[in-house]
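Take 1 as the starting number for the sequence shown in our numbering and just add one per residue.
Treat the hints with care, as some may be off.
[Stated by the list, open to error] SDA-like mimics (lysine to any residue), calculated; alpha carbons at most 25 angstroms apart, straight line:
1) K139 / A125
2) K142 / L123
3) K139 / I124
4) K142 / I124
5) K139 / A128
6) K142 / V132
7) K142 / A126
8) K139 / L129
The set of hints was computed from the structure by calculation and includes no laboratory data.
Since this is a predicted model, take the numbers as computed values, not measurements.
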Amino acid sequence: MSCSSEEPRERHTSIHTRNSPGFLERLGETMGGMVVGVAIFFLSFYVLFTNEGRAIRTSSSLDEGLSQVITLHPDVYVDPQNNGHLVHLSASLRTTQRNVEMYQWVEYQESRWLFYRPLLAGLIAAIALLPVLITHSRKTEKKHQ
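Generate the whole structure from the sequences, applying the supplied hints.
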């Protein structure tokens, strides 16, 4: 290979090789994901059966309450015979008027940070302008010399 004067004489060539992993290496890399997937699969069965068990208990409790409920008519007065029993009553509702009072207070908080904040901002601005002031003073010193 001849080298012309237009081409650079020194060239850097880099060769990158990448070994393709074998079957066992790939299987080992995916084993963690596989284990997590299987664990989540079996956990989903536990969650499903637990949820269904709660739904069955709730349904049986509601059925039991429905079988024991005593329906009252609106014109019936309080009957001590119904004490401790589950009762159902349907009637128009009358409410009493209540006066409600509400209190509110305002809380004030004072922070010393608010006092020092402008001073800190001025200090930061002075530090930021310091290089500009130094170069300006050097230029004026050179002019006077």
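Take the C-alpha atoms of K139 and A128, compute the straight-line distance between them, and say whether it is at most 25 angstroms.
holds, 19 angstroms
For the pair we were handed, K142 and L123, check the Cα-Cα distance against 25 angstroms.
Violated. K142 to L123 sits at ~28 angstroms, over the 25 angstroms cutoff.
Under the criterion that the straight-line Cα-Cα distance not exceed 25 angstroms, is the pair K139, I124 satisfied?
Cα-Cα ~24 angstroms, so holds.
Hey, K142 versus I124, does the alpha-carbon distance stay inside 25 angstroms?
The hint is violated at about 28 angstroms.
Holds or violated: K142 with A126, Cα cutoff 25 angstroms?
holds, 24 angstroms
Hinted pair, alpha-carbon criterion (25 angstroms max): K139, L129. Please report holds or violated.
This hinted pair holds, its Cα atoms lying about 16 angstroms apart.
Pair hint K139 and A125, alpha-carbon separation not exceeding 25 angstroms:
holds, 22 angstroms
Taking 25 angstroms as the top limit, are the C-alpha atoms of K142 and V132 close enough?
The hint holds at about 16 angstroms.
Violated hints for the displayed structure, listed by number in ascending order: 2 and 4.
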